Amino acid sequence: MQQPDNASVLHVRDLHKRIGRKTIIHSINFDVREGEIFGFLGPNGAGKTTTIRMLVGLIRPTSGSVSICGYDVQKQPEQALQYVGSIVENPEMYPFLTGWENLMHFARMQEGIDEDRIHEVTQLVHLGGRIHEKVRTYSLGMRQRLGIAQALLGRPKLLILDEPTNGLDPKGIKEMRAFIRELAAGGLAVFVSSHLLSEIQLLCDRVAIIGGGRELAVGSVEELMGTGRGMVIWDVEPKEKALKLLESYVDVRIVDAVGAAVLEDAAAALMNERSIVTETPEERVAEVLDRMVREGVAVRGVHRVAPTLERLFLQMTEGEGIE
Amino acid sequence: MKRFWAMVQNEVVKIIKKKRFYIVLLILAVLVPIFSYAQMKQSLERRDSYGSDWRLEVQQAIIDNQNSLSSDRVPQEWKVYRQIYIQQMQYYLDHDVNPNEPGGVTFTREFINNSATLFIPLMILTIASDLVSSERTTGTIKMLLTRPVRRWKVLLSKLMALLMFVSLIVASAYLICYLIAGVFFGYSGWNIPIFTGFVLNGSDVDLTYVQATPQWQYLLMQAGLVWFVGVVVALLAFMVSVLVRSTAASIVVMMAALISGSILTNMASAWTSAKYLFMVNLGLTEYLAGNPAPIKGMTLGFSLGTLAVWAAVSVIISFAVFTKRDVLT
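First to last, the sequence lines map onto chains A and B.
Residue numbers for the first sequence follow this note's numbering, so the first one is 1 and each next one is one higher.
Residue numbers for the second sequence follow this note's numbering, so the first one is 1 and each next one is one higher.
Okay, chain A solo, but in the shape it has when bound (with noise of 0.2 Å):
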C-alpha cells in the first residue's frame, strides 16, 4: 500500500471512469491532508459528483485507486469508510423518522456509537430543540445540519461535503463556514465541493479545479490566485490616442472583448464603450497613468480588478461557462 506521508488522509491517484463508451472522469489526482479544507472545484456537470461517489465507494473507478488513511477504498471498504463521513448531493434521510431515530439509524451501522455521541453530535450541529421531531418537518437548512451530524457519527478523519451551502440563507452560510473551519482546526481534514468559487476562495486552503472531467489544477488557493492575471479597467478620452499609448508598454496587453468577458459582474458593471480593458502589471499603473496625463488623455477612471479565482478557472476552462 503506498502512503505517501502521514498528514495525508485521502489520497486520490489516477482515477478514471467510462460508462459505456464515454471516459467522464479522466485522471484525477489529489491529496487531502489532516486539518486542511480541500476544496473541490468546477462548474454543474464538471465530474464533482461522479468523482465524489467514487471516493466514498458508490461507483467503482474504471481504473485508479482512492485511499483513505492508507486502506483502498474498493479493497477494504470496512476499513477506509469508518474514517470518513459524508454527505453526497442532497442530504437524504428518511423522512418518516425523526432526527434522532435517523441518528440512531446510522449508529447502528457502525462500531462503538453510542447515545451520548448522538447527544454530543446533535449539540454540535445545534438541533437540540427538534431532534425528536419528523425529519419530513425540517427545513432544508435543519436537514443539513442533521446530515452533517450523522456525517460526525463514526468520529471521521474525513468529511466529504457536496455543496454544504447549497440551498442555505446567507447567514446559514455563514455559521456553515464557521463551523467548517472549527472542525477543521480540530484536525479534520474537510473535503467541500462547489460550483461557487467565491465559496471556496472564502473556506478552503487547497482547491483541485476540474472542467469536463479533466483535473485543471491542484494548489493552494494562493499559489492559483497568483498565477491569475490582474487586470486594469481604463476610462479613458479618446480612446485611440489612449490604446496606441498602452500599446507602445511590452508588459502591458490589451484584453478584447472575448478576454473581457470573464469579469466579474460588479467589474463589468463599471464598463462603457470609452473603457479600456488590461493586463497590467501592478507596479507600471502609475506610471502609465503619468504618461496619460501628460500626453493629454483624460483619465475619468482607473479600476483595478482583484485576481479572482472565477476568473482564473475560467481561463482554464476558456469560458466553458460557471453555472
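There could be a bad hint or two in this list.
Said to hold, decoys possible - Below, a list of computed lysine-lysine pairs in the DSS-like style, where the Cα atoms sit at most 25 Å apart:
1) B:Lys-153 x B:Lys-2
2) B:Lys-153 x A:Lys-22
3) A:Lys-75 x A:Lys-157
4) B:Lys-275 x B:Lys-296
5) A:Lys-134 x B:Lys-17
6) B:Lys-324 x B:Lys-153
7) A:Lys-75 x B:Lys-153
8) B:Lys-79 x B:Lys-296
9) B:Lys-2 x B:Lys-17
10) A:Lys-134 x B:Lys-275
11) B:Lys-153 x B:Lys-18
12) B:Lys-275 x A:Lys-75
13) B:Lys-275 x B:Lys-79
14) B:Lys-19 x A:Lys-134
15) B:Lys-153 x B:Lys-41
16) A:Lys-157 x A:Lys-134
17) A:Lys-75 x B:Lys-324
These are computed hints drawn from the structure, not numbers from a lab.
This one's a predicted model, so the numbers in the text were calculated from it and none came from an experiment.
With chain A held as given, fit chain B onto it using these hints.
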C-alpha cells in the same frame, strides 16, 4: 454479528415506521369481516333450502355436478374437475364427515386457501416491493452504502427483515381471520377431520392413500405451504425492487406477474411448458386439498422444486446486482 442484527433491527424499524405493516393489518381487518358476513349469508341460505342436514346439501352438490357431466356445453377439462369433486364429496359422505362444517377454523382454512396465490402475496408486495427501490427513490441509499459495512451485509439485513415480515403477515392473516370469523361462526372446529391424500389419475381419484387429518394439523401444513409461497413471492419482489428504481414500477411488475399467474392457471392446461413459470405454481394448498393441478405433470414436489429454483435465482441476481452496481443517482 451483533452489528448485523442491529442492521436487521434498522430495517424492521423502517418497515414499521413507514406504516406498511399496519396497512396490511388494516386490509385484513376490513376484508375478513366482509367475507365472513358473505359466508354467513350463504350458509343461512343453504340452511333454508336444505334444512339442518348437511348430507342433503352434499348429495345435491353431487347430483348437480353429475348432471353437468352429460351436458355438451361443459368443456372437457371442467368435466375432469367435476368428476374429481364428485368422488371426493362421495368419500366425505361415505365416511359421514361434513366437508363444510361451519366454524371459525373451517372458515380460516377456506379463506387462506383462496388467498394463498393472490391475496397474501399482494400483502407481501406492499413490504417487499419498496424495500430497496424506496432507498433509491429517496436517495437514502447513498447514506446507507457509505457506511463502513459491505454491501452484501446491507442487502442481507433487508432480506432478513423481509423474511420476518413474511412470517408475520402469514401468522397475522391466520390470527385475524380466526378471531373475526369466530365472531360469526364460533371458535370451534379444531378437530374436524379433513381428508387429504387424494391421488389423481386423470379423472379418477385413487383413495388408497386418503387419511383423515384433524383440521388443526391441516392448518399447520397449509400454513407451511402458504409461508413457502410467501417467501418465494417476497424474494422475487425483492429482486425486482433491486433492479427497478421506482417503487411503483416494482409493485406493478410483480402484480402483473401474479395476476397473469392466476389467469394462466385457468387457461394454460394445453401449454404444458408453462408449468415452469413460477406464477402457475403458487397454488400449493390446492395439492393439499386434493384439487387437480392446473397443468398436467405438476405435483406438489414439482411445484416446490420449481419455486425453490426461481427463489434461489432471484436471490443470486439480487446480490450480484446490488453489490456491483454503481449508485449513480
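Okay, the hints, checked on the actual structure:
no. : hint                  : verdict
1   : B:Lys-153 x B:Lys-2   : 12 Å, holds
2   : B:Lys-153 x A:Lys-22  : 32 Å, violated
3   : A:Lys-75 x A:Lys-157  : 19 Å, holds
4   : B:Lys-275 x B:Lys-296 : 8 Å, holds
5   : A:Lys-134 x B:Lys-17  : 11 Å, holds
6   : B:Lys-324 x B:Lys-153 : 13 Å, holds
7   : A:Lys-75 x B:Lys-153  : 16 Å, holds
8   : B:Lys-79 x B:Lys-296  : 15 Å, holds
9   : B:Lys-2 x B:Lys-17    : 22 Å, holds
10  : A:Lys-134 x B:Lys-275 : 48 Å, violated
11  : B:Lys-153 x B:Lys-18  : 22 Å, holds
12  : B:Lys-275 x A:Lys-75  : 44 Å, violated
13  : B:Lys-275 x B:Lys-79  : 21 Å, holds
14  : B:Lys-19 x A:Lys-134  : 14 Å, holds
15  : B:Lys-153 x B:Lys-41  : 51 Å, violated
16  : A:Lys-157 x A:Lys-134 : 29 Å, violated
17  : A:Lys-75 x B:Lys-324  : 13 Å, holds
Hint violations for this structure: numbers 2, 10, 12, 15 and 16, all remaining hints satisfied.
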